[in-house]
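Residue numbers for the sequence shown follow the numbering used here, so the first one is 3 and each next one is one higher.
No lab work stands behind these hints: they were computed from the structure.
Just so it is clear, CB atoms sit at the ideal spot from N, CA and C, and this is done for glycine as well.
There could be a bad hint or two in this list.
[Unchecked claim] Have a look at the derived ranges for each label pair, beta carbon to beta carbon:
#	residue 1	residue 2	range
1	PRO223	ARG147	36 to 44 Å
2	ASP59	MET372	36 to 44 Å
3	GLU256	ASN203	42 to 50 Å
4	ILE214	PRO90	29 to 37 Å
5	GLU256	SER101	52 to 60 Å
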Amino acid sequence: MSAVFRKTALAAGVIMCLAGQGWARPNLVVSEFSMTPATPVQGESVHVRIGVYNTGDTAAGRYHVEWWPGENFADGAACNWTIEGTVPGGGRIIECDYSGYPSWYSSINTRVIVDALDDVSESNEADNDRRFPIEVARPSSPAGRPNLFISELSLDPATPVQGQPVNVRVGVYNNGSAPAGPSRVAWWPGENYPDPACRWNLGGLPANGGRILTCTYSGYPSWYGRINTRAAADVTGAVAESDEGDNDRRMRIEVARPSSPAGRPNLFISELSLDPATPVQGQPVRVRVGVYNNGSAPAGPSRVAWWPGENYPNPACQWNLGGLAANGGRILTCTYSGYPSWYGRINTRAAADVNGAVAESDEGDNDRRMGIRVRRP
Numbered sequence: 003m004s005a006v007f008r009k010t011a012l013a014a015g016v017i018m019c020l021a022g023q024g025w026a027r028p029n030l031v032v033s034e035f036s037m038t039p040a041t042p043v044q045g046e047s048v049h050v051r052i053g054v055y056n057t058g059d060t061a062a063g064r065y066h067v068e069w070w071p072g073e074n075f076a077d078g079a080a081c082n083w084t085i086e087g088t089v090p091g092g093g094r095i096i097e098c099d100y101s102g103y104p105s106w107y108s109s110i111n112t113r114v115i116v117d118a119l120d121d122v123s124e125s126n127e128a129d130n131d132r133r134f135p136i137e138v139a140r141p142s143s144p145a146g147r148p149n150l151f152i153s154e155l156s157l158d159p160a161t162p163v164q165g166q167p168v169n170v171r172v173g174v175y176n177n178g179s180a181p182a183g184p185s186r187v188a189w190w191p192g193e194n195y196p197d198p199a200c201r202w203n204l205g206g207l208p209a210n211g212g213r214i215l216t217c218t219y220s221g222y223p224s225w226y227g228r229i230n231t232r233a234a235a236d237v238t239g240a241v242a243e244s245d246e247g248d249n250d251r252r253m254r255i256e257v258a259r260p261s262s263p264a265g266r267p268n269l270f271i272s273e274l275s276l277d278p279a280t281p282v283q284g285q286p287v288r289v290r291v292g293v294y295n296n297g298s299a300p301a302g303p304s305r306v307a308w309w310p311g312e313n314y315p316n317p318a319c320q321w322n323l324g325g326l327a328a329n330g331g332r333i334l335t336c337t338y339s340g341y342p343s344w345y346g347r348i349n350t351r352a353a354a355d356v357n358g359a360v361a362e363s364d365e366g367d368n369d370r371r372m373g374i375r376v377r378r379p
């Protein structure tokens, strides 16, 4: 009796059906993980060692591995590797050096993902991702000196909405060995905003003592796909500290647009990336485009397109979407044969609903451009 095996690559928007009894496939797993030192110290370099292994019964082709210092780090992977292939029953040891954790943690999960871009069709897609709990120690402060740093930074809601109030929570801590005198703490909605939105005056902090500070921000004047919010301790430089370089903390957030008018979809390009990020003239490029419906109604069928350059007359890749649910999205991929020329600077472009098939709440945000460089071979 025949059986049908189905692998659904939701991240790539591709469905592949293969028939046949006992179809042999590779299976990639994280076989080993270690850090030196095993307990990293805040701000000090860490050596990372990872083992990847193919437990399947056929060879795996080219795939990617990622290591994240923390499973929820906004910046994502700190180390990336491209593995050209692994035979069945074979493995690789890969290593990298991380510049150091920006903060200390009593407990944090570091993360390894093998086949991070879903390049390989595997017998078990559920065992590519592993997390390892670690501690990150505080650095020792020189004797007799305070040291102030931002121990916590959070917003409520975590994803603010343009024009709506945000509750801000900032923790400041003295991990030095002497008390800190009066100082000022500040929070900026964005790292490049000229003025802080919240300020607090502290009367002082004992050694190994801290404070939680809160305020309410009236709201972001614009939406942002990505922006770094910022908090800083001792902004006036009033305290002589053992480490003057760790007063500042940034956190990457998204600021959502206000809800779309009732009953209308809204399509936009949520992601655009190339692999390699800097293409080489004449060499293939893997294109990854995200399209998202942040409206309050489903979107019907539409077309998405990608142009190698914004002034190219025709798109190099096109995708027909059957539809998207409200607050639903798709990841689309293609391989471009290669740029015919090198460019010191060129804008690549992706657009949603290129045929204008969907009546949207905002028709002006379908288009996204990204500046890149194309190297000479």
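Going through the hints against the structure:
no. : hint                        : in the structure
1   : PRO223 / ARG147: 36 to 44 Å : holds (40 Å)
2   : ASP59 / MET372: 36 to 44 Å  : holds (41 Å)
3   : GLU256 / ASN203: 42 to 50 Å : violated (31 Å)
4   : ILE214 / PRO90: 29 to 37 Å  : violated (54 Å)
5   : GLU256 / SER101: 52 to 60 Å : violated (25 Å)
Of the hints listed earlier, those the structure fails to meet are numbers 3, 4 and 5, in rising order.
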